[in-house]
Amino acid sequence: MTKQDTSPAASADALVLYGQSFDSRLLLGTARYPSPAVLEAAVRRARPAMVTASLRRQGAQPGEAGQGFWELLKRLGVPVLPNTAGCYSADEAITTAQMAREVFGTPWIKLEVIGDDYTLQPDTLNLVQAAEQLIRDGFHVLPYCTEDLVLCQRLVDVGCQAVMPWAAPIGTGRGPVNPYGLQLLRERLDVPLLVDAGLGLPSHACQVMEWGFDGVLLNTAVALASDPVAMAGAFADAVSAGRTARMAGAMQPQAAAQPSTPVLGTPFWHHAT
Amino acid sequence: MNVLINQTPVELPEGASVADAVAHLAPQPPFAVAVNLQFIPNSRYAAQPLADGDQVEIIAPVTGG
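Note that the protein sequences, when read in sequence, are chains X and Y.
Just so we're aligned, residue 1 is where the first sequence starts under UniProt numbering, counting upward by one.
Just so we're aligned, residue 1 is where the second sequence starts under UniProt numbering, counting upward by one.
Watch out, some of these pointers could steer you wrong.
[As the list claims (entries may be wrong)] Label pairs and their in silico Cβ distance ranges:
id : chain 1 : residue 1 : chain 2 : residue 2 : range
1  : Y       : VAL10     : X       : PRO34     : 34 to 40 Å
2  : Y       : PRO49     : X       : GLY105    : 24 to 30 Å
3  : X       : SER35     : Y       : GLN7      : 49 to 55 Å
4  : Y       : PRO41     : X       : ASP227    : 40 to 46 Å
5  : Y       : GLN7      : X       : ALA241    : 56 to 62 Å
6  : Y       : GLY53     : X       : ALA241    : 54 to 60 Å
7  : Y       : GLN38     : X       : VAL191    : 30 to 36 Å
8  : X       : ASP116    : Y       : VAL10     : 31 to 37 Å
9  : X       : LEU224    : Y       : LEU37     : 41 to 47 Å
[What the hints assert, rightly or not] Computed far set for chain X versus chain Y, every beta-carbon distance over 12 Å:
id : residue
10 : THR30
11 : TYR33
12 : THR84
13 : ASP91
14 : THR95
15 : ALA100
16 : GLU102
17 : LYS110
18 : GLU112
19 : ASN126
20 : GLU132
21 : GLN183
22 : PRO192
23 : ALA241
Bear in mind the hints are in silico, worked out from the structure with no lab data behind them.
Here a beta-carbon is modelled for each residue, glycine too, at the ideal position from N, C-alpha and C.
In isolation and in its complexed conformation, chain Y is listed as follows (with noise of 0.2 Å):
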């Protein structure tokens, strides 16, 4: 399947889930993840089917005002 990670095409496999698309990431921790605007703990990753096109947002700390 294809899906966005962080607005990049990123090819996996059929059945993959969020687990998937966070190690295909590897970002550092701390960070959290959105999909489809909807978050995700980080207790469901594995649990957390991802499907064709949906949009995975994988973000961590950056300054702020």
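Next comes chain X alone, as it looks inside the complex (with noise of 0.2 Å):
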């Protein structure tokens, strides 16, 4: 599902990470799924750029840890985003995303650092401290992080390549709260931004790849629809459709009603009885 930039075959509208392609730019997670078969369905229907994956003692929910989900991994075939989830500081993310590397066999990181029990909202602090040290280390970072525009900038200065805004707090579906920080996120940044949770509908989706977002990472609004299969498509199309749409370009709104049909030959044309 990925190749490297330097393939021929590389589509020119490609999601370019780290210098590495992807061909969709849908980024799904693995929680909460009703079971493993519907989780497998899922991902293959939604083919993601990326699945993303965590790491707890041994001893969670069966289906949802060990080597069952490991094999699952293995038979996706589908490269894999570790993240730092439940980390509270610097040091604890840092220390995970070692571990996760060695695991997964993988640089690339979803940097997670918390600071809020309540919304999950990260430590903006800790979170560039972490992802300085991560970036020296050789990793991949893909930092989650508010839609903070000084937050966003201090990421990229120390060396992330890409950064990924919240939406709205993790598995709220409320979709963007604040439509203007994010538009103008991506309008003063130029590296690649995925909005990463909150999302709760296509739409949502669609919507902010019509801003100029680069994808999208969500999982709860898919692994909890009544048709998390059918969702996770409709995701799909809708990321597709939205960055279609502005390569596209849109057209600018009018102030007033223009007609679309030409008026000049029209029959009867004010020649009301």
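Two chains, two separate frames, one set of hints: put the complex together.
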């Protein structure tokens, strides 16, 4: 599903992160699905660029951990993006990232440093510190952050080649709660931006792609849908539609109505009885 | 010596290493290990000594978002 961007087969509009090219602009989480079988079917339907995974002490819920999940990941053949979910300090996140690199055999890491239990809002200060260290250690860091412009700029300054601002708190499905902030971020930063967390509907994903975001990472909106497999397909279609619309160039909204059908030669024009 | 392996108290012989802690839990691969919040690469399990009170974390892949 991935290929180096040096390949002549690489799409002209492929998502490129840290020099690696991806066919899809959707990244999909693997948690909270009704069953491993549904998860597998959803991933196969969505064909995401990457699937996220995490690390926990052995003994977590059956089907969501251990050998069965590992075998499923290998069977899917989709690149894995490990996360540092559950970490509340830079040290915890750095150690978890190092463990993830060994377990999953990948330098990619979705960096999460949580600062608030209720909102799962990132600890922005420790996030930058952890990102800087991990970049120095050779990781491909995708930081989960807020839409704060200066924070995102700092993440870029320390070497992050892409940034993942939230749309809303994790798992809320509220869609973008700060459209102004997200659109301003898109205008001000040149690096790939992926919206991570808080999307609930395919229209949310389509909207942020129309704004020019480079990709979307989501989990709960698919996993908790009545039909997760169908919803996975809907999100994949929405991401693709939003991207196509962005590239196509939308018309400018007009203040007054303008006839789309030519009026010249209209029969009976203004001949009301 | 007494150590915590995944938050469970375990008694290991004096001079035990991370390899001994891993052997005690016998986790299914793949897994990774940290001691006192420091990552221990798998190539160093045998050479990494443990001390009384050390906290050993052995973690494996799970679903995530």
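Each hint tested on the structure:
Roughly 36 Å separates the CB atoms of Y:VAL10 and X:PRO34, a value that falls within the hinted 34 to 40 Å. With their beta carbons about 27 Å apart, Y:PRO49 and X:GLY105 fall inside the hinted range of 24 to 30 Å. Separation of X:SER35 from Y:GLN7 is about 29 Å and departs from the stated range, judged on CB atoms against 49 to 55 Å. Range check, Y:PRO41 to X:ASP227: about 43 Å between beta-carbon atoms, so the 40 to 46 Å window is met.
Between Y:GLN7 and X:ALA241 the Cβ separation comes to about 47 Å, which falls outside the hinted range of 56 to 62 Å. The supplied range of 54 to 60 Å is met by Y:GLY53 and X:ALA241, whose beta-carbon atoms lie about 57 Å from each other. At roughly 32 Å, the beta carbons of Y:GLN38 and X:VAL191 sit within the given window of 30 to 36 Å. Separation of X:ASP116 from Y:VAL10 is about 34 Å and conforms to the stated range, judged on CB atoms against 31 to 37 Å.
In this structure the supplied range 41 to 47 Å is violated for X:LEU224 paired with Y:LEU37, their Cβ-Cβ distance being about 33 Å. The non-interface label for X:THR30 is inconsistent with chain Y: the shortest C-beta to C-beta separation is roughly 4 Å, within 12 Å. Not every CB of chain Y lies more than 12 Å from the CB of X:TYR33, the least distance being 7 Å, so the non-interface label is violated. Under the 12 Å C-beta cut-off, the non-interface status given to X:THR84 relative to chain Y is violated; the minimum distance is some 9 Å.
Interface exclusion of X:ASP91 from chain Y breaks down, the closest Cβ pair being 6 Å apart, not more than 12 Å. With a least CB separation of 5 Å from chain Y, X:THR95 falls inside the 12 Å interface cut-off, contrary to its annotation. Consistency note on X:ALA100: stated as away from chain Y, yet its beta-carbon is not over 12 Å from all of that chain's, at 7 Å minimum. The Cβ of X:GLU102 does not lie farther than 12 Å from every Cβ of chain Y; its closest approach is about 5 Å, which violates its non-interface assignment.
At roughly 8 Å, the least C-beta separation between X:LYS110 and chain Y is not larger than 12 Å, which violates its mark as non-interface. The claim that X:GLU112 is not at the interface with chain Y is violated, since a C-beta of that chain comes within 12 Å of its own (minimum 9 Å). For X:ASN126, the condition that its CB be more than 12 Å from all CB atoms of chain Y holds, with the nearest at approximately 14 Å. Chain Y leaves X:GLU132 outside its interface by the beta-carbon criterion, the shortest separation being 17 Å against a cut-off of 12 Å.
Every Cβ of chain Y is farther than 12 Å from the Cβ of X:GLN183; the closest lies at roughly 25 Å, confirming the non-interface assignment. Against the 12 Å criterion, X:PRO192 stays outside the reach of chain Y, whose nearest CB is about 20 Å from its own CB. Listed as a non-interface residue, X:ALA241 keeps its Cβ farther than 12 Å from every Cβ of chain Y; the least gap is roughly 23 Å.
Checked against the numbered hints above, the structure violates hints 3, 5, 9, 10, 11, 12, 13, 14, 15, 16, 17, 18; every other hint is satisfied.
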